[in-house]
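**Student:** Sequence:
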Amino acid sequence: MELYNYLFSLLGRQAWWPADSPFEVAVGAVLTQNVSWKNVEKSIETLKRKRMMSPQAIAKAKLSHLESLIKASGFYRRKARTLKELSKLFISSGGVGEFFEGETAELRKKLLSIKGIGPETADSILLYAGGHLIFPVDNYTRRLSKKFGICSSQNYEAIRQCFEMELPKDVEVYKEMHALIVEFCKRFKSEC
DNA sequence: AACCAGGAGAGAG
DNA sequence: CTCTCTCATGGT
0 MELYNYLFSL LGRQAWWPAD SPFEVAVGAV LTQNVSWKNV EKSIETLKRK RMMSPQAIAK
60 AKLSHLESLI KASGFYRRKA RTLKELSKLF ISSGGVGEFF EGETAELRKK LLSIKGIGPE
120 TADSILLYAG GHLIFPVDNY TRRLSKKFGI CSSQNYEAIR QCFEMELPKD VEVYKEMHAL
180 IVEFCKRFKS EC
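Each step along the first sequence adds one to the number in numbering that gives the first Met the number 0, with nothing skipped, and position 145 is 144.
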């Protein structure tokens, strides 16, 4: 894909989303909804410091307590409930690793059934935490798609399949592409 | 001090 | 399906 080569030569490798565990990635995906990553880092640090960064700990924590720990990343009332539901899903699947052994489409449905997890968050979790071959479409991707005329439709699924069609079927490329788009739009706001 | 940030849900038209 | 409102904190 031309856009990928252009962004990569412009910005270099992003090596996005360093985390201690796939669960931490999933938590970050929920917390970052419509909020800058800087806010999310605070909440993640707090959760780790309080030894709350595990499905078991979050699943059994008091809702009000969990809310106070993630307050810094906004929308904390809904995000706390979402994190508890997500944790329960992982636990009932036998663990985070076991959950991601399932089929992509099936896992996607399970994630989308949780209130507070929409298409982009579900796909980000599948790609960055689970290593599944699926491309997340955020607002930046929509804008670039529109500006460069990459896809005719603005529908989420259409754009997703459009990018998946043009990109090499490689999880690392998907991860880089999504990160490159976000970094490009952050650095060149006027272009995006 | 208004504006936006790595969205999602609910409701209306 | 598209548009609009709400959710909430923290940085410019």
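Read the hints as simulated data drawn from the structure, not as lab findings.
Incorrect hints may have been included.
Heads up, simulated DSS-like pairs for lysine-lysine below, C-alpha to C-alpha not over 27 Å straight-line [claimed, not checked]: (1) LYS174 x LYS185; (2) LYS174 x LYS41; (3) LYS70 x LYS47; (4) LYS174 x LYS188; (5) LYS109 x LYS145; (6) LYS37 x LYS83; (7) LYS109 x LYS188; (8) LYS87 x LYS70; (9) LYS168 x LYS145; (10) LYS174 x LYS109; (11) LYS59 x LYS87; (12) LYS87 x LYS146; (13) LYS109 x LYS146; (14) LYS146 x LYS114; (15) LYS114 x LYS188.
Each pair of labels, with its calculated beta carbon distance range [as the list claims (entries may be wrong)]: (16) ALA14 x GLY94: 21 to 29 Å; (17) ALA14 x GLU165: 19 to 27 Å; (18) GLU97 x LYS146: 25 to 33 Å.
Ideal placement from N, C-alpha and C gives every residue a C-beta, glycine not left out.
**Student:** Next step is simple, just say for each hint if it's right about the structure.
**Tutor:** Quick rundown of the hints versus the structure:
For the hint pairing LYS174 with LYS185, the CA-to-CA distance comes to about 17 Å; that is within 27 Å, so the pair holds. Under the criterion of a C-alpha separation no larger than 27 Å, the hint pairing LYS174 with LYS41 is consistent with the structure, at around 23 Å. The hinted pair formed by LYS70 and LYS47 meets the criterion: a straight-line CA distance of about 15 Å does not exceed 27 Å. With a CA separation close to 21 Å, the supplied pair LYS174 and LYS188 stays within the 27 Å bound.
Annotation: proposed proximity of LYS109 to LYS145 is violated, straight-line Cα distance about 30 Å (limit 27 Å). Only pairs whose Cα atoms come within 27 Å are accepted, and LYS37 paired with LYS83 is accepted, the gap being roughly 22 Å. Only pairs whose Cα atoms come within 27 Å are accepted, and LYS109 paired with LYS188 is rejected, the gap being roughly 35 Å. At roughly 21 Å between alpha-carbon atoms, LYS87 and LYS70 fall within 27 Å of each other, so this suggested pair holds.
For the suggested pair LYS168 and LYS145, the alpha carbons sit about 23 Å apart, so the restraint of at most 27 Å is met. A C-alpha spacing of about 22 Å is found between LYS174 and LYS109, which places the hinted pair at or below 27 Å, so the restraint holds. Among the hinted pairs, LYS59 with LYS87 is consistent with the structure: their alpha-carbon atoms are about 9 Å apart, no more than 27 Å. Between LYS87 and LYS146 the CA atoms are separated by roughly 40 Å; this puts the pair beyond 27 Å, and the hint is violated.
Annotation: proposed proximity of LYS109 to LYS146 is violated, straight-line Cα distance about 33 Å (limit 27 Å). A threshold of 27 Å between alpha carbons decides the hint, and for LYS146 with LYS114 the separation of about 32 Å lies outside it, so the pair is violated. Taking the CA atoms of LYS114 and LYS188, the gap is near 31 Å; set against the 27 Å cutoff, the hint is violated. As the Cβ distance of ALA14 to GLY94 is approximately 26 Å, the hint placing it in 21 to 29 Å holds.
Between ALA14 and GLU165 the CB atoms are about 22 Å apart, so this pair conforms to the stated range of 19 to 27 Å. At about 41 Å, the CB distance of GLU97 to LYS146 disagrees with the hint of 25 to 33 Å.
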